[in-house]
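Each chain sits in its own coordinate frame; assemble them with the hints.
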Amino acid sequence: MQEYRLLSTSGLLGYGFPEESLNAGMARQPHMIGVDGGSTDPGPYYLGSGKCVNSRMAMKRDLKLMLRAARKQKIPLVIGSCGGAGGEPHLQTVVGIVREIAREDAMHFRLAVIHAEQDKGWIKKQLKSGKIKALRNVKELDDATIDRATRIVGMMGPEPFQRALDDGADVILAGRSSDPAPWAGCATRAQLPPAPSWYAGKMLECGATAALPKGHDCLLTSVDRDGVVLEAMNPIRLCTPFSVANHSLHENASPCFHIEPGGLLDTSDCVFEAVSERAVRVSGMRWTQQPYTVKLEGAELVGYRAITICGTRDPMLISTVDAFLGSVRENVSVKAAAFGVKPEAYKLVIRTYGANGVMSGWEPIQRTQSHELGFVVEVIAETQELANAVLAIARVQMLHVDFPNRLCKEGNMAFPYSPSDIETAPAYRFSVFHTVAIDDPCALFPIEHETV
Amino acid sequence: MALIRDIAKACKSKNAGPFELTIDVVFDDLKLFERVRETGVICPALFARLYKVRLEDVQFTEYPAGRAFKATIPRLVASGDVGDTDVYGAQQHAPLLDVEIPI
Numbered sequence: 001m002q003e004y005r006l007l008s009t010s011g012l013l014g015y016g017f018p019e020e021s022l023n024a025g026m027a028r029q030p031h032m033i034g035v036d037g038g039s040t041d042p043g044p045y046y047l048g049s050g051k052c053v054n055s056r057m058a059m060k061r062d063l064k065l066m067l068r069a070a071r072k073q074k075i076p077l078v079i080g081s082c083g084g085a086g087g088e089p090h091l092q093t094v095v096g097i098v099r100e101i102a103r104e105d106a107m108h109f110r111l112a113v114i115h116a117e118q119d120k121g122w123i124k125k126q127l128k129s130g131k132i133k134a135l136r137n138v139k140e141l142d143d144a145t146i147d148r149a150t151r152i153v154g155m156m157g158p159e160p161f162q163r164a165l166d167d168g169a170d171v172i173l174a175g176r177s178s179d180p181a182p183w184a185g186c187a188t189r190a191q192l193p194p195a196p197s198w199y200a201g202k203m204l205e206c207g208a209t210a211a212l213p214k215g216h217d218c219l220l221t222s223v224d225r226d227g228v229v230l231e232a233m234n235p236i237r238l239c240t241p242f243s244v245a246n247h248s249l250h251e252n253a254s255p256c257f258h259i260e261p262g263g264l265l266d267t268s269d270c271v272f273e274a275v276s277e278r279a280v281r282v283s284g285m286r287w288t289q290q291p292y293t294v295k296l297e298g299a300e301l302v303g304y305r306a307i308t309i310c311g312t313r314d315p316m317l318i319s320t321v322d323a324f325l326g327s328v329r330e331n332v333s334v335k336a337a338a339f340g341v342k343p344e345a346y347k348l349v350i351r352t353y354g355a356n357g358v359m360s361g362w363e364p365i366q367r368t369q370s371h372e373l374g375f376v377v378e379v380i381a382e383t384q385e386l387a388n389a390v391l392a393i394a395r396v397q398m399l400h401v402d403f404p405n406r407l408c409k410e411g412n413m414a415f416p417y418s419p420s421d422i423e424t425a426p427a428y429r430f431s432v433f434h435t436v437a438i439d440d441p442c443a444l445f446p447i448e449h450e451t452v
Numbered sequence: 001m002a003l004i005r006d007i008a009k010a011c012k013s014k015n016a017g018p019f020e021l022t023i024d025v026v027f028d029d030l031k032l033f034e035r036v037r038e039t040g041v042i043c044p045a046l047f048a049r050l051y052k053v054r055l056e057d058v059q060f061t062e063y064p065a066g067r068a069f070k071a072t073i074p075r076l077v078a079s080g081d082v083g084d085t086d087v088y089g090a091q092q093h094a095p096l097l098d099v100e101i102p103i
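Sequences listed follow chains A and B, in order. According to this note's numbering, the first sequence is numbered sequentially starting from 1. According to this note's numbering, the second sequence is numbered sequentially starting from 1.
Chain B on its own, in the form it takes in the complex (with noise of 0.2 Å):
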């Protein structure tokens, strides 16, 4: 069992355009990330439940070249937008980094 603070290079968020938040977790190597991705936990559900979206709001990708997992998620309020916390979208990511990866 691991934490994904503890395996990943990078846990990251950022804006893709100002409706919408991209969220990435990285691995070092190739070998690593196919492991992580056997195990099935770094999936659309995840993602939908971490930030209360519904499933098919989830655009979910896995990019083998990249060896990352990424998922795109409607912001809550737009960049900017009154009651907005984030104008970048750059520290949404914190509930990823204690999933538990059985690995």
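Chain A on its own, in the form it takes in the complex (with noise of 0.2 Å):
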């Protein structure tokens, strides 16, 4: 093939698009359309909970029109990371949209389903024969990691995608996968060769996020033999050779080496030209092959969190708020233990929102300036009960702990909610971030058919 065009909606579905971009994609006539449905970067809850990141009214609204007009012009509709962090859940919950929508508007196509959560005993088995490294910053994986970890998916590359393609799918919707994979396979499978197709995906995946100014908006990408044109169908947004570079530094650890499953995508020689006011070619990207890996993510559960919200206007506690939060931290493991919890059976976070809040260790600002100071009171606890109870000694401690020259005897702290106790959602983290060889890339992703 001479040329192979991909049009992607937005940067994650849900996000939304211009139902006019979407048209004029179209118009183009590509011979694809895609989307990324995910990503680590909300935290770990979404993967840990298995709740979607994105609304489903909003998820409805996106695959209502991608699936009407990929059906319009019979070009394959195909969708990583589903849900957001692509585990089983989040999977079927778009699954569950797209055979709502066909019912709906009495569409019939043929559906692939590509699933990503791995068996944990199998991961063991990878950990025994030395087949699972850690990824920078990441602690070795053990069998004690891999047993508390709540959910854990495999990210697939491109060659899921390809087989269920082969296998006559009209619509993929697929579990968690490398952002540019979809596409990747996609042009890939068009006899294009890897460099420009990776290329093609690693822009794709972030919809118009490459253009100027950038926007949840669609792309369109034509990937020929030496590299990619790219341009934003919104015509007020501008690709130019400055934001297609550019967008190479976005959530990467480099912009010029970009490690995919069975490669290395080198940019570090690529070539930005303007082929017109709204359009740019890159070329001069390098594919490198390399042993196959796939990356692993999985979360934990941490504990159950209550938190409570207030702020304090007074300049004296201000000057010494450092202690004052001492003596709460001191007053709350005094009471906690009266009625039985132990300090080593919870945590107790206070974020100080005008002081270090947003930066905390890395804040080189060590005195503040401010006239009034937030608080975030959080504990996480075994359970919710004890959350609970321990947040509601602390918010006590904040109102009314004494301090030097206290003039505001009445209470510490304005509290702008009754209640003031908030249960949130349990707490995860990411346990699980590391990488296994393998030999087949389709082995670990199974791949459903279903005729809508």
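To be clear, the hints were calculated from the coordinates, so they are not data collected in a lab. Treat each hint with caution, since some may be false.
To be verified - BS3-like mimics (lysine-lysine), calculated; alpha carbons at most 27 Å apart, straight line: (1) A:347 / A:51; (2) A:120 / A:131; (3) B:31 / A:214; (4) A:125 / A:139; (5) A:60 / A:214; (6) A:214 / B:9; (7) A:139 / A:347; (8) A:347 / B:52; (9) B:9 / B:31; (10) B:12 / A:214; (11) B:52 / A:139; (12) A:74 / A:64.
What you are looking at is a predicted structure, and each value in this text was computed from that prediction instead of being measured.
Laid out in structure tokens, this is it:
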């Protein structure tokens, strides 16, 4: 094939995009349409809990327009990392929405669902045979960590997408995928070389973020043997050599070396040329095949969280805030111990906005100049009941603990809410962030086909 | 003498995965980027000092195509873990704003 055109609607399924941009993109006769569904960026909660990062309503709106467009022009619709984290509950939520739209619109097509959750027993076996490596700044994996994880997904490469298309899929909904994989899979399946195909994927996974002004909008990318041409479909957005080059900085450790399943995309020698006021051609990217690895992502439950929000306008308190918070902590430990809760049974975190609530240990300014300070007081414990009980004590200490030269003797804090104590969702942490070496890129990602 | 805040087009931070933070300083044109580069101020040691990380933990790239300097460092707390203050890592750039560039 001389040129393969891929259309991305936005940076994430459910972010929304202007319908006119989609129409403009479809008028260019793309060979496929897709959108990235996920990210680890919103934190570990979504992988751990099975909840989607975007709302069902927002995802349905995007899916409906994309499905109609794809079926009208008989091109594949391909979505990776469905529902955010790309685990089974996330994937099933998106599958449910697609079935619902098909029913409502009386659409019929062949749907492929690609699963990405991984079996813990299998992971332990790989660990024992030395096939698992920790990514930078991550602890080595062990059996106990695998056991504690509520969910572990594998990040698929392009091969499962290609297999699903080979098997006749019109619509592919996949679990956790490398962000560029759906696009790279389609372009390489059309016999285009891996270097421009992966590069195209790296750009498309963020929608029109590579354009100026950046925004959640549609991007068309044409791949040929030597490079790619990028163009935003909304007339207000322009792809310039600078905006496209800069997009390689986004959420990457390096703008030049991108490690992907099965190889390394090297963009060090890329050349960026304007082909019009709106479009940019990029060439010179290289792809080096490497032993195939799949990234594993897992999250574990940390505990149950309760928070309260309050603020002070008292200058005397502000001038001794560190000592004040020290007294609060001490009183909490004494009072909680009195009803049988030892300090090791909970974690108390107090964030001080106006001082170092944003940067914490990296904050270079030691002394706040603020005339008011805001606090988010947080307790995490093994049960919600425990967290609530300790937080209630912490709230009272924030309100009533004494400090030198205290004039505000009725209360130290302004609480904006009643109830002041808020149960938040269970708290998770990323516990698995490792790679596993494998032989068959499709083996970990079973594909189910159905006719909708 | 100029401050980064006065001459950069972008100065931003973001997660590069949940365990690392990446910081970019971007300039408007190649000439300015090259002048800044010649001063040698934006270098791995600057990030090591501002973010109190070991020099060998700073992955640093000069990226002329994007007229940008990039540094990637380990996060103090993984994204969303207990005590993390910035799940997206989007507000950790401020210490760079007042760095002086002798141009």
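Open item on the list: Checking each numbered hint in turn, tell me which of them this model violates, lowest number first.
Closed with: When the structure is compared with the hints, none of them turns out to be violated.
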